[in-house]
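Enquirer: Chains as they are written, first to last, in this note's numbering: chain S, 11 to 265; chain A, 11 to 265.
Heads up, a few of these hints could be off.
It does not matter which identical chain is used: a pair holds within one copy or between any two.
Simulated pairs of lysine-lysine, DSSO-like, Cα-Cα distance not exceeding 30 angstroms [said to hold, decoys possible]:
| id | residue 1 | residue 2 |
| --- | --- | --- |
| 1 | Lys100 | Lys120 |
| 2 | Lys100 | Lys136 |
| 3 | Lys66 | Lys246 |
| 4 | Lys140 | Lys15 |
| 5 | Lys195 | Lys120 |
For the record, the hints were derived by calculation from the structure and aren't laboratory data.
Number of protein chains: 2
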Amino acid sequence: MDTLKVIKIGGNVIDNPEALEAFLGMFAAIPGAKILVHGGGAIASRTLLRMGIEPKMIEGRRVTDAETLQVVTAVYAGLINKSIVATLQKNGCNAIGLSGADGNAITSRKRPAAPVDYGFVGDIEKVNAKTFEALLAAGMTPVVCAINHDGCGTLLNTNADTIASGIATAMSGTYPTELIMCFEKDGVLMDKDDNSSVIEQIDKPLFEKLKAEGKVNAGMLPKLKNAFDAIDAGVKKVVIKNSARLSDGSGTVIF
Amino acid sequence: MDTLKVIKIGGNVIDNPEALEAFLGMFAAIPGAKILVHGGGAIASRTLLRMGIEPKMIEGRRVTDAETLQVVTAVYAGLINKSIVATLQKNGCNAIGLSGADGNAITSRKRPAAPVDYGFVGDIEKVNAKTFEALLAAGMTPVVCAINHDGCGTLLNTNADTIASGIATAMSGTYPTELIMCFEKDGVLMDKDDNSSVIEQIDKPLFEKLKAEGKVNAGMLPKLKNAFDAIDAGVKKVVIKNSARLSDGSGTVIF
């Protein structure tokens, strides 16, 4: 069976219309089965402010009260998701936008209110591989936002990196699966201020060594942890790379 | 082949959480293939006002400038669509939300700017029956909002009644199809102020007679015209009925 690519983009490309257009052109041109997962960028925060709602963050994570959930659902699953889908269609890619509620694709459990009450934030319970398989088999390309549901009628907000890695893990039971995490740098950097210092490959021993030597910066640690979790769970490889360089062989391969 | 039911709900039920919950419970319980089409109700106008954008209407139709398009896309395809999908999932119905861009389900053409410039408003060009067939075959129930696309990357806003009748017409090539248009009255009324004066059946000769006698009120005329257009195009029957009475045999049957 051909390889399935699960590709995640975040705020740096979503907040820049030209970069997003260029990225989606490259994404559409990738042959074979693929799934796109997108974050929400700063658009949700700007929309909240414009509606007179103060965005609340605790340690970089959004606190999602009932009103904020309505806005992020509108922005992620509506505005951003449908703009991406329409642009992919223009590029000849038969995209279909999904929240986790659609086709019961992803169920999650509301995070406990203690020690920190993040509100309507979910931790993934199950990715329904059959839904994705049915859409892929019908020649469609799922485009997934970070909104999902608890199966009891409540929508929940989840980190998009976690959604991407959850989908890749679940799909690795059916397809040889690659997870491609795009961000604004060319890969995992030896020197975080030098974009040419990309580490081409990282296996677990090297990761442990880099960690022990303090050479992995704080922002990259959860991404790498996420990547190795996916590898441990059956994903063939994880690539961390620049969204502007989707089509070339650049980036850091985690295996 | 079993009958496909295309059911449309509008603002009267979407704006009332209890009525919507009750309606979706009844909808979920309908056996067999079905498609739900929903309008946006007053939520879009309230959201526009809260964002400091004055809603513009000409003869009851929304003028959709670029900023308004973003808001209605967020509200219809995001907030309302995903709330409906999550509630249907809770009720055991495997719903999947769609705009016309998703799976290239519905393409439309931007309405000419003369004589009235409605902005990003589309007239249906093509309903892609294959997309709906693939989803129904996979055991999913499409839930469609009134946002669609031109195939060139632009999202467009279309009247939800038109979307429902366009879908029913396109699907009648494959399935015996019924179109059920729900609103706040018990059917087409002989006396618009008397909810017990429902006309049980209307065929074309009766429609012409009622029209000639001035017995069809202005608000009902486009609905009936829409219904007969669908019948002429192959839809088996059209039922105009109360969304609160989805499950019973009430309403007006157009044939």
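Enquirer: Next, verify each hint and record whether it holds.
Expert: These are the hints, each one checked on the structure:
{"no.": "1", "hint": "Lys100 x Lys120", "verdict": "between (37 angstroms within a copy, 15 angstroms between copies)"}
{"no.": "2", "hint": "Lys100 x Lys136", "verdict": "between (32 angstroms within a copy, 15 angstroms between copies)"}
{"no.": "3", "hint": "Lys66 x Lys246", "verdict": "neither (37 angstroms within a copy, 53 angstroms between copies)"}
{"no.": "4", "hint": "Lys140 x Lys15", "verdict": "both (16 angstroms within a copy, 25 angstroms between copies)"}
{"no.": "5", "hint": "Lys195 x Lys120", "verdict": "neither (32 angstroms within a copy, 39 angstroms between copies)"}
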